[in-house]
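A.B. asks: Here is what each chain is made of, one letter per residue.
There are 2 protein chains.
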Amino acid sequence: MPNLIDGKQLANTIKEEIAIDVNKLRENGGKIPHLAAVLVGEDAASQVYVRNKVRSCEQVGFESTLIRKDSSTTEEELLEIVEELNNDPDIDGFIVQLPLPKHINEEKVTLAINPKKDVDGFHPANFGRMAQGLPAYLPATPFGIMQMLDRYNIEVEGKECVVLGRSNIVGTPISILLSRKARPGNATVSLCHSRTKDLKAHTLRADIIIAAIGIPEFVKGDMVKDGVVIIDVGINRVDDATAKRGYRLKGDVAFDEVAPKASFITPVPGGVGPMTVTSLLMNTLKACKGEIYGH
Amino acid sequence: MPNLIDGKQLANTIKEEIAIDVNKLRENGGKIPHLAAVLVGEDAASQVYVRNKVRSCEQVGFESTLIRKDSSTTEEELLEIVEELNNDPDIDGFIVQLPLPKHINEEKVTLAINPKKDVDGFHPANFGRMAQGLPAYLPATPFGIMQMLDRYNIEVEGKECVVLGRSNIVGTPISILLSRKARPGNATVSLCHSRTKDLKAHTLRADIIIAAIGIPEFVKGDMVKDGVVIIDVGINRVDDATAKRGYRLKGDVAFDEVAPKASFITPVPGGVGPMTVTSLLMNTLKACKGEIYGH
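Line order of the protein sequences matches chains A and B.
Each residue of the first sequence is one higher than the last, beginning at 1392 in the numbering used here.
Each residue of the second sequence is one higher than the last, beginning at 1392 in the numbering used here.
Derived by calculation from the structure, the hints in this document are not laboratory data.
Check each hint, because a few of them may be wrong.
Same chains, same names: a pair is fine if it fits in one copy or spans any two.
Distance condition first, Cα-Cα at most 20 Å in a straight line; then the derived EDC-like pairs of lysine to aspartate or glutamate [as the list claims (entries may be wrong)]:
#1 Lys-1616 x Asp-1589
#2 Lys-1611 x Glu-1408
#3 Lys-1611 x Asp-1461
#4 Lys-1406 x Asp-1613
#5 Lys-1499 x Glu-1467
#6 Lys-1677 x Asp-1481
#7 Lys-1680 x Asp-1631
#8 Lys-1652 x Asp-1397
#9 Lys-1499 x Glu-1682
#10 Lys-1493 x Glu-1418
#11 Lys-1507 x Glu-1454
#12 Lys-1572 x Asp-1589
#13 Lys-1399 x Glu-1454
#14 Lys-1588 x Asp-1617
#15 Lys-1572 x Glu-1498
#16 Lys-1591 x Glu-1548
#17 Lys-1406 x Glu-1548
#18 Lys-1460 x Glu-1608
#19 Lys-1493 x Asp-1617
#20 Lys-1572 x Glu-1468
#21 Lys-1588 x Glu-1548
#22 Lys-1588 x Glu-1546
#23 Lys-1499 x Glu-1454
#24 Lys-1406 x Glu-1418
#25 Lys-1422 x Asp-1479
Chain A with its partners taken away, still in its complex shape (with noise of 0.2 Å):
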């Protein structure tokens, strides 16, 4: 059987050194890291993943600030707020949860947030600087996979590699991540999505598959080689009567049939799920102590 890659322990154990820092950073007097994190409306997910981020800052000992705002704030306000945040020199790093409501652009609003306090990694500046190999705030997925891949000691360099799904929040950033010239990295990288032709020629000779397609268990056993990498980024909700919630999380890969044949796998859910919050919160860190862009 393969070497599961426990992204819930391996979030823990981040978690635990970002602590030991912060306490650092307080004894000797410096700046605790804060983040704010703004919700705009009701989106029952959206209300869970703020909760975690924020709870997951206390853990850490970060200071954190929550402001929500009800489904009517206007495309104004919001601009209002986050150029509050921008100017605010208590706030190291904030984000905008995502999706907003309709009535208000995203993208407006993401090219409003100050990239230097960008912890989400969205604004182009700080995605162009990842691309040119600059210090860069990573996005959080990919940065949360870097990770995986660093903790384990699986060696990326000279590896095939192949990306399943070409988003600008997974599949595109990790694409450039794993080809740089850094360590993770150096590896050849093949970006496959729904335009691809032979999909099974790629991932029959990749050495390290990431599937961020969101389509569950699309990765089947007879789609791989012995001792592949398996990094599965999907979590999708697949109905099914028997279990509690009526619906079970299922990754974009077939774990049962694909599992035997892989070196390491990482699992749905307790994968790369957990690792974006740590993320947010190395981000927030780097922003507090001006690693990327200075004080």
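Put chain B on the given structure of chain A with help from the hints.
C.D. replies: Then chain B, alone, in the frame of chain A:
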């Protein structure tokens, strides 16, 4: 024999189209595009490049300003010039010719250019916008390649593209552009580089090869399949006592071996090279019209 992609002729065609556009602007009393170029020091190649850019501006009816400073110019002085150009409403876009003298930090200067006037497309904000699929000034060489594929009606969607080389100015951005959900685009892209283990396996399965590694005649005839499309970005000087100047320009592809198997191929010189200035002109026209960032 393959179809030759004539970059020189295509560049002229595009310049004629731009000239027609500029005439219309003039007739309608609109603003005439104005490009400024800053040249620091006496680098011989840079002088040729900048002269060529300014001459191209004249050809299409743009206004142009050449700012020459000697190599003793300080970083502070150069940053002041950049700031003046950022604030000059008559300048639609400008470039600072690289390389700069060693005492000047190129990254700092590039980052100081207002992304709205960054017609070289080197600023991370433009790079990130490009990668995220937002309107952006594209860097010259990738933009020129996209134009070639488009104007020669070379189908890219669903094709296997192999990019050789991962530089910030060619390999990385062209790999992003080719895999974007756009036209041309929607290709399956593999980004290969010095750490790639079985490069020949990649080039042999490629429908389209973009060679940008800077090694003369690296891609041999036995490395490609019949019908391949070849875009050769390399411009390498190879010593040759029988040549007038003592050298010949060679691409990254062994043209004589590869051409008989190719369906399309760019020559060197006269292929990708002439397209880069055209990209700069197109970006400057977009800047003048406010097509990327508005007015």
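A.B. asks: Taking the earlier hints as the rules, which of them does this structure contradict?
C.D. replies: 2, 3, 4, 7, 10, 13, 17, 18, 19, 20, 23
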